[in-house]
Amino acid sequence: MPFAINETMGQYSELFMLLAAGTYTVAFIAFAWDLAKSSRALRAIDLKAAEAAGTKVPAMAGAGASAGSAAGSAAAADGGAADSVAADRVDSHLAGPVGRAERPSSSVAKRGGDASGAGQTADADMRYAAERRVPARVAVALTVLGVLIHAAGVITRALGAGRVPWGNMYEFLTTGAFVAVAVFLLVLIRRDLRFLGTFVVGLAIIMLVAASVAYWTPVGHLVPALQSYWLIIHVSIAVLSSALFTLTFAMSALQLVQSHRQKTVAAGGADKLGFMRLVPSALSLENLSYRINAIAFIGWTFTLMFGAIWAEKAWGRFWGWDTKEVWTFVIWVVYAGYLHARATRGWTGTRAAWLSIVGYLCVVFNFTIVNQFFNGLHSYSGL
Amino acid sequence: MSERVKANKKSPAPVAAARTEAALPVLGPVEMLRWAWTQLTSMRTALFLLLLLAVAAVPGSLFPQRPANPSIVTQYIKDNPDYGKLLDTLQLYDVYSSAWFSAIYILLFISLIGCVVPRAIAHYRAMRSQPPRTPKRLSRLPEYGTLVVPADAGLPASDAIRSAAGVLKKRGYRVEVRDDDGARPSLGAERGFAKEVGNLVFHTSLIGVLVSVAVGGLFGYSGQRILVEGDTFVNTLVGYDQFTPGTNFQSSQLQPYSIQLDKFDVLFDRESPGKIGQPIDFNAEVTTRDTPDSPAKQEVLKVNDPVTLGGTSIYLTGNGYAPVVTVRDGAGNVAMQGPVVAKLQGDNYYSSLVIKVPDARPEQLGFVGFFLPTAFITEEGVSFSGDPDLFNPQLTLNSYFGDLGLDAGSPQNVFELDVRDLTPLNARNLDAGGITLAPGSTYTLPDGKGSISFDSVKRYVGVDIHHNPGQLYALIFALLAVGGLIVSLYVNRRRVWVRTGTHEDGRTMVEYGLLARGEDHRLAAEAVAVRKLLSEEWQLADSDSGESADDSDSSVTQQTPSRQGDNGADSVTTPAGPTGPKKDQ
Numbered sequence: 001m002p003f004a005i006n007e008t009m010g011q012y013s014e015l016f017m018l019l020a021a022g023t024y025t026v027a028f029i030a031f032a033w034d035l036a037k038s039s040r041a042l043r044a045i046d047l048k049a050a051e052a053a054g055t056k057v058p059a060m061a062g063a064g065a066s067a068g069s070a071a072g073s074a075a076a077a078d079g080g081a082a083d084s085v086a087a088d089r090v091d092s093h094l095a096g097p098v099g100r101a102e103r104p105s106s107s108v109a110k111r112g113g114d115a116s117g118a119g120q121t122a123d124a125d126m127r128y129a130a131e132r133r134v135p136a137r138v139a140v141a142l143t144v145l146g147v148l149i150h151a152a153g154v155i156t157r158a159l160g161a162g163r164v165p166w167g168n169m170y171e172f173l174t175t176g177a178f179v180a181v182a183v184f185l186l187v188l189i190r191r192d193l194r195f196l197g198t199f200v201v202g203l204a205i206i207m208l209v210a211a212s213v214a215y216w217t218p219v220g221h222l223v224p225a226l227q228s229y230w231l232i233i234h235v236s237i238a239v240l241s242s243a244l245f246t247l248t249f250a251m252s253a254l255q256l257v258q259s260h261r262q263k264t265v266a267a268g269g270a271d272k273l274g275f276m277r278l279v280p281s282a283l284s285l286e287n288l289s290y291r292i293n294a295i296a297f298i299g300w301t302f303t304l305m306f307g308a309i310w311a312e313k314a315w316g317r318f319w320g321w322d323t324k325e326v327w328t329f330v331i332w333v334v335y336a337g338y339l340h341a342r343a344t345r346g347w348t349g350t351r352a353a354w355l356s357i358v359g360y361l362c363v364v365f366n367f368t369i370v371n372q373f374f375n376g377l378h379s380y381s382g383l
Numbered sequence: 001m002s003e004r005v006k007a008n009k010k011s012p013a014p015v016a017a018a019r020t021e022a023a024l025p026v027l028g029p030v031e032m033l034r035w036a037w038t039q040l041t042s043m044r045t046a047l048f049l050l051l052l053l054a055v056a057a058v059p060g061s062l063f064p065q066r067p068a069n070p071s072i073v074t075q076y077i078k079d080n081p082d083y084g085k086l087l088d089t090l091q092l093y094d095v096y097s098s099a100w101f102s103a104i105y106i107l108l109f110i111s112l113i114g115c116v117v118p119r120a121i122a123h124y125r126a127m128r129s130q131p132p133r134t135p136k137r138l139s140r141l142p143e144y145g146t147l148v149v150p151a152d153a154g155l156p157a158s159d160a161i162r163s164a165a166g167v168l169k170k171r172g173y174r175v176e177v178r179d180d181d182g183a184r185p186s187l188g189a190e191r192g193f194a195k196e197v198g199n200l201v202f203h204t205s206l207i208g209v210l211v212s213v214a215v216g217g218l219f220g221y222s223g224q225r226i227l228v229e230g231d232t233f234v235n236t237l238v239g240y241d242q243f244t245p246g247t248n249f250q251s252s253q254l255q256p257y258s259i260q261l262d263k264f265d266v267l268f269d270r271e272s273p274g275k276i277g278q279p280i281d282f283n284a285e286v287t288t289r290d291t292p293d294s295p296a297k298q299e300v301l302k303v304n305d306p307v308t309l310g311g312t313s314i315y316l317t318g319n320g321y322a323p324v325v326t327v328r329d330g331a332g333n334v335a336m337q338g339p340v341v342a343k344l345q346g347d348n349y350y351s352s353l354v355i356k357v358p359d360a361r362p363e364q365l366g367f368v369g370f371f372l373p374t375a376f377i378t379e380e381g382v383s384f385s386g387d388p389d390l391f392n393p394q395l396t397l398n399s400y401f402g403d404l405g406l407d408a409g410s411p412q413n414v415f416e417l418d419v420r421d422l423t424p425l426n427a428r429n430l431d432a433g434g435i436t437l438a439p440g441s442t443y444t445l446p447d448g449k450g451s452i453s454f455d456s457v458k459r460y461v462g463v464d465i466h467h468n469p470g471q472l473y474a475l476i477f478a479l480l481a482v483g484g485l486i487v488s489l490y491v492n493r494r495r496v497w498v499r500t501g502t503h504e505d506g507r508t509m510v511e512y513g514l515l516a517r518g519e520d521h522r523l524a525a526e527a528v529a530v531r532k533l534l535s536e537e538w539q540l541a542d543s544d545s546g547e548s549a550d551d552s553d554s555s556v557t558q559q560t561p562s563r564q565g566d567n568g569a570d571s572v573t574t575p576a577g578p579t580g581p582k583k584d585q
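Listed in order, the protein sequences are those of chains X and U. Residue 220 in the working numbering sits at position 220 of the first sequence; the count goes up by one each step and never skips. Residue 355 in the working numbering sits at position 355 of the second sequence; the count goes up by one each step and never skips.
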């Protein structure tokens with residue numbers, strides 16, 4: 001006899017989810033405020049720098065405070081080395097070869113340490129600068145509060161159902177949102193990715209709202225097909241990888257915007273996206289998202305493998321081209337393509353970013369459309 | 001930056017001009033093949049094929065697939081007469097065995113082999129050869145630094161290079177010392193050969209997985225069987241309801257084990273709101289025998305928990321009800337008695353059943369109808385099942401008599417009754433009405449044709465029986481692949497060069513440079529570690545900043561290795577070069 005259902009716990013869980021979504025909303029506003037405020041502050045610094053530019057010629061390899069230099073903004077923050085890298089990258093879209101500069105050369109990363117002089121412009125290595133960004137701190141604090149409430153919601157849900165909280169789409173979404181935010185906060189310990197805050201927290205809000213509105217399911221037992229320890233292994237790795245893919249999706253999207261902006265600024269155009277100065281250069285975004293995607297790809301490989309082992313246990317064959325299997329395979333192949341693209345002439349940078357984005361869209365499609373509208377053995381939406 | 005852009009923009013024009021001027025060489029068949037091979041094994045083609053594979057896999061999830069469910073495909077073609085046939089011509093109902101899908105993955109794997117083999121050979125050579133020669137200007141390397149050993153340490157340049165070699169060897173580098181008796185001895189070191197090995201293992205293992213799948217398709221087999229409580233299945237070809245052999249299957253492969261279904265229990269959810277009646281546990285108690293003579297063994301067969309027997313695995317994949325009926329013919333003899341498997345049709349085990357009684361005399365009888373475990377009837381007279389459990393079991397049947405057409409010997413679907421040649425006996429629209437039976441009740445057919453009794457209800461299970469000899473190998477190769485993948489992503493291949501020289505004033509000047517092959521975001525950390533090890537080896541006060549007077553300013557630039565090559569490049573020979581080693585960040 002399975003564990004008895006505890007509906008009171010389930011109701012507590014839903015209350016916690018609601019509170020978490022509310023807290024995230026305030027955090028989201030704080031993150032947005034941080035972007036707006038920093039953007040304004042940066043513009044003021046720019047104006048001052050422009051006045052001073054006549055007297056001070058920035059040294060090439062010196063501190064990256066050269067806000068008025070040709071490459072402008074973010075690229076300048078990386079100092080001379082990154083400048084040339086950025087130039088390489090811009091060129092490589094046109095015809096240039098894949099040079100060594102494309103590699104995540106550690107010198108570039110290290111040089112970012114000099115950039116603290118460049119106001120609040122983002123570092124290449126995404127480390128914390130000396131400046132205190134009060135709204136960002138408030139936002140992170142609120143996100144931490146939100147994630148704690150969210151954790152309470154996930155745990156009470158698990159207690160209410162007496163099992164792991166990912167047996168249907170509602171639970172997958174609420175737990176997935178929790179993992180995404182938690183992973184984001186964990187990365188924040190080491191790297192200043194607060195520029196992703198609006199995105200990650202915004203996505204968590206969307207996921208929680210979608211879970212409550214479209215996929216709401218009361219606490220219940222699992223169907224026999226899901227009663228296996230593989231549910232714990234297979235799905236938890238899938239959730240974790242999806243959370244990582246969420247982060248890299250955000251970075252790749254920003255990378256495209258940043259790359260476009262860097263090109264515009266380099267060509268002497270006006271910088272219309274001032275808030276993007278909080279975002280590191282396109283190259284460093286690409287490098288970090290590559291590293292995270294590599295981890296997530298290994299996770300997805302395990303998802304695929306453990307799924308196959310489970311399928312063998314449950315259905316008697318380890319691979320049967322079930323719709324869910326097809327899409328999991330498609331995602332795996334797209335991200336495999338992404339990893340290969342990094343080593344292929346003419347496929348780095350923007351094209352790789354697009355692959356990362358397409359991969360994530362497949363993840364979303366696999367979760368939403370495939371679960372609900374495609375008939376298959378994985379129809380466990382609980383709806 | 002703008003200059004570079006311009007330079008690049010200019011370049012295509014002369015190239016294009018040169019291209020038009022140069023006459024294209026005429027390629028013979030061998031050259032053509034070589035050209036095609038080069039194209040196929042290029043990374044760009046591999047990437048293209050990989051992405052094409054992802055795109056080609058998608059239609060298989062959009063259209064019904066024959067291997068999964070052939071009857072749905074037939075229905076789909078019937079429902080879409082305009083394009084259903086066309087899709088069939090394009091093999092869109094058999095995507096994963098279609099010519100075009102196969103073409104893509106076979107090309108991809110050929111490309112893979114064409115890529116892996118030369119790389120394996122090259123890597124084998126690289127592993128056996130010495131690290132590449134020391135570059136002239138180490139300062140051009142991505143990581144570069146210098147150390148100075150004071151004159152009173154008494155460490156000549158040659159000894160310094162040897163001790164550096166020892167340090168690097170201990171750290172796992174393969175080291176070669178060059179010119180150690182000369183004025184500028186140097187060493188080349190390399191590590192991380194496992195990265196490429198992992199890469200090769202990963203790709204080779206993928207081929208292994210594919211081969212394992214093919215082996216499974218050749219020598220494996222699978223089948224289905226329905227077992228009513230009390231039934232026994234013997235693993236022979238006739239024992240199966242449905243059997244799918246692999247291409248190279250031989251019936252001698254079947255080991256004649258037996259499995260008997262003793263009892264089947266289903267537990268339904270009775271407490272979750274909105275999910276009342278959802279099954280939460282299936283439990284089949286079975287008795288198995290490895291061979292007809294072996295002792296019987298009690299086992300439990302559950303979903304997610306197959307029974308392994310005679311090289312096959314037996315899976316619980318379906319279940320339902322089988323009402324037990326007794327049919328007597330006009331002569332009063334029992335013409336048929338036993339459970340009849342009811343096929344699931346709708347919610348709560350609403351199922352259909354067909355009873356064929358070819359032994360009834362003088363005329364054969366046939367019944368078609370429904371079984372409802374918990375019968376409810378709406379005001380409009382529509383019956384439905386209100387619960388999956390047996391609270392109010394009911395059989396509703398129509399009856400027919402005549403020739404069932406079984407005597408001719410042509411095979412028939414047991415779940416369908418062809419009533420064209422039969423005369424209706426009971427139906428709702430006839431005077432006699434339909435038959436409605438509760439357990440224990442009997443209905444006497446009109447015109448003295450006989451009677452039918454609904455005795456009891458049994459449960460049945462559907463089991464899948466699979467034998468796949470390739471599966472274990474697929475798992476092994478998949479594990480190898482993932483191991484190789486992790487190694488290839490997280491082992492870094494690095495080269496280190498160190499060069500030493502003796503300054504006029506007796507100090508030993510050391511410079512070192514690091515280079516990564518492939519992605520390596522930890523090269524800087526490695527440079528710091530190497531520097532620290534060398535400093536410890538030579539007992540240099542790494543953190544002591546007050547060692548020399550002139551380093552306070554220059555230290556910042558010295559300690560931050562740069563690729564610019566404009567500082568410290570000639571540090572070994574320049575007296576004003578680096579003086580005191582300092583702590584890195």
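In short, the hints are calculated from the structure, not lab data. Warning: the hint list may mix true and false statements.
[As the list claims (entries may be wrong)] Reference listing, derived: stretches of chain X covered by chain U, where coverage requires no fewer than 3 residues with Cβ under 8 Å from a Cβ of chain U:
id : stretch
1  : 4-15
2  : 18-31
3  : 282-291
4  : 314-323
5  : 334-347
The structure displayed is predicted, hence computed values, not measured ones. Every residue gets a Cβ at the ideal spot worked out from N, C-alpha and C, and that includes glycine.
Against the structure, the hints:
Three residues within the 8 Å Cβ limit are the bar, and the stretch 4-15 of chain X against chain U gives 3, so the coverage statement holds. Remark: the stretch 18-31 of chain X is not confirmed as covered by chain U, as 0 of its residues place a Cβ nearer than 8 Å to a Cβ of that chain, below the required three. For a cut-off of 8 Å, the count of residues in the stretch 282-291 of chain X with a CB near a CB of chain U stands at 3, and the three-residue condition holds. For the stretch 314-323 of chain X, the stated coverage by chain U is satisfied: 10 residues place a CB nearer than 8 Å to a CB of that chain, which reaches the threshold of 3.
Here's how the stretch 334-347 of chain X fares: 11 of its residues keep a CB closer than 8 Å to some CB of chain U, so the rule of at least three is met and the hint holds.
Going through the hint list in order, the structure does not satisfy hint 2, though it satisfies all others.
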